[in-house]
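From first to last, the protein sequence lines stand for chains Y and Z. If you use my numbering, the first sequence corresponds to residues 1 to 112, in order. If you use my numbering, the second sequence corresponds to residues 1 to 113, in order.
No wet-lab data here; the hints were simulated from the structure. There may be inaccurate statements among the hints.
Dumping the calculated EDC-like pairs for lysine to aspartate or glutamate here, alpha-carbon to alpha-carbon at most 16 Å [claimed, not checked]:
hint, chain 1, residue 1, chain 2, residue 2
1, Y, 57, Z, 97
2, Z, 38, Z, 10
3, Z, 70, Z, 26
4, Z, 38, Y, 1
5, Y, 57, Z, 100
6, Y, 57, Z, 96
7, Z, 3, Z, 29
8, Z, 3, Z, 100
9, Z, 70, Z, 56
10, Z, 38, Y, 82
11, Z, 3, Z, 15
12, Z, 112, Z, 17
13, Z, 16, Z, 96
14, Z, 70, Z, 22
15, Z, 70, Z, 55
16, Y, 9, Z, 86
17, Z, 38, Z, 22
18, Z, 112, Z, 15
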Amino acid sequence: DSGVTQTPKHLITATGQRVTLRCSPRSGDLSVYWYQQSLDQGLQFLIQYYNGEERAKGNILERFSAQQFPDLHSELNLSSLELGDSALYFCASSADGYNEQFFGPGTRLTVL
Amino acid sequence: AQKVTQAQTEISVVEKEDVTLDCVYETRDTTYYLFWYKQPPSGELVFLIRRNSFDEQNEISGRYSWNFQKSTSSFNFTITASQVVDSAVYFCALSEEGNDMRFGAGTRLTVKP
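Next up, chain Z with everything else stripped away, as it sits in the complex:
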């Protein structure tokens, strides 16, 4: 069965610090998809990234970067030089065969000025 663990319930940093959000997943499938979503205080869920199981290349998008390691079943998310606007709950999610998306419990990130 698929499972996503985000062990960090809450993280608090000061602006400009780098922060890494951990995500560990479990799946028996060889084909699967990993996602990160952001849920700001306004409540909507914003798509950040999708990765398929055959693509282990790390990705960088501005201040955001993702590290996918199949050997440790991890898909960690790093925010460089954090800003107050990064304050949100971040969800990691796993989808087997693209159908049933399973979300982690989320990590609440607070960035203080």
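For reference, chain Y alone in the conformation it holds in the complex:
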């Protein structure tokens, strides 16, 4: 158990819908990262937050947004969902944004 929690574990929704994925980092970690893992794209970095502020942005679509709250938990919002958004979404946390990242169990999103 990495100490990073993600909810929900599974999510099934329809095209055009909006969903919110939630992540709680390990106790004491200030940085949260979001990744998308799909069969064709592999493991892709989406976005990083550090102590509430956006620090780095990767291949995140405009339909996606994220935030980190004062209690350090983070949410990833996916809107206008498409079939191609079906993937495993991971959250990771690290102490200071430079050390190793510890991953949560992931949320499997299925868009029908």
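On the provided structure of chain Y, position chain Z as indicated by the hints.
Here is chain Z on its own, set in the frame of chain Y:
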């Protein structure tokens, strides 16, 4: 731009064989970090090791060992006396300035009894 190449898509070995997973990286930074993660069939990503660019010492942890060579931009991972429980997808990753972690495509290792 940073890039990680894991040329071996799949490897299959018989239990107790040694196996080496290759990782080649590209970066323009002098300060960077290299990682290996394991993704077993259950799906979670498990951190194995982190190496910074200034530390070329090889590392051994039980049956696992890592060989970091800046001259060839490689960070290879060897499992000695492989076991069925080692079956997983292994990812090598590179982080420049510790922010944007770039993963390789992964190597699927199957260890047969």
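For each hint, the structure was consulted:
1. Between the alpha carbons of residue 57 of chain Y and residue 97 of chain Z the distance comes to roughly 14 Å, so the proposed pair stays at or under 16 Å and holds.
2. Taking the CA atoms of residue 38 of chain Z and residue 10 of chain Z, the gap is near 14 Å; set against the 16 Å cutoff, the hint holds.
3. Straight-line distance between C-alpha atoms of residue 70 of chain Z and residue 26 of chain Z comes to about 10 Å, which keeps the hinted pair within the 16 Å bound.
4. Only pairs whose Cα atoms come within 16 Å are accepted, and residue 38 of chain Z paired with residue 1 of chain Y is accepted, the gap being roughly 14 Å.
5. For the given pair, residue 57 of chain Y sits about 8 Å from residue 100 of chain Z by alpha-carbon distance, which is consistent with the 16 Å threshold.
6. Distance restraint check for residue 57 of chain Y and residue 96 of chain Z: the Cα-Cα separation of roughly 13 Å lies within the 16 Å cut-off, and the hinted pair is therefore satisfied.
7. This hinted pair checks out: residue 3 of chain Z and residue 29 of chain Z have alpha carbons roughly 12 Å apart, not beyond 16 Å.
8. Between residue 3 of chain Z and residue 100 of chain Z the CA atoms are separated by roughly 11 Å; this keeps the pair inside 16 Å, and the hint holds.
9. Between residue 70 of chain Z and residue 56 of chain Z the CA atoms are separated by roughly 7 Å; this keeps the pair inside 16 Å, and the hint holds.
10. Annotation: proposed proximity of residue 38 of chain Z to residue 82 of chain Y is violated, straight-line Cα distance about 29 Å (limit 16 Å).
11. Between the alpha carbons of residue 3 of chain Z and residue 15 of chain Z the distance comes to roughly 32 Å, so the proposed pair goes past 16 Å and is violated.
12. Simply put, residue 112 of chain Z and residue 17 of chain Z have alpha-carbon atoms about 10 Å apart, close enough for the 16 Å limit, and the pair holds.
13. For the proposed pair residue 16 of chain Z and residue 96 of chain Z, the alpha carbon gap of about 36 Å is over 16 Å, so the pair is violated.
14. The straight-line distance between the Cα atoms of residue 70 of chain Z and residue 22 of chain Z is roughly 14 Å, inside the 16 Å bound, and the hint therefore holds.
15. At roughly 10 Å between alpha-carbon atoms, residue 70 of chain Z and residue 55 of chain Z fall within 16 Å of each other, so this suggested pair holds.
16. A distance of roughly 25 Å separates the Cα atoms of residue 9 of chain Y and residue 86 of chain Z; the hinted pair therefore is violated under the 16 Å criterion.
17. Distance check on the hinted pair: residue 38 of chain Z and residue 22 of chain Z sit about 14 Å apart at the alpha-carbon level, within 16 Å; holds.
18. Note on residue 112 of chain Z and residue 15 of chain Z: the hinted pairing holds, with a Cα-Cα distance of about 6 Å set against a maximum of 16 Å.
The structure fails hints 10, 11, 13, 16 (numbered hints given earlier, in ascending order).
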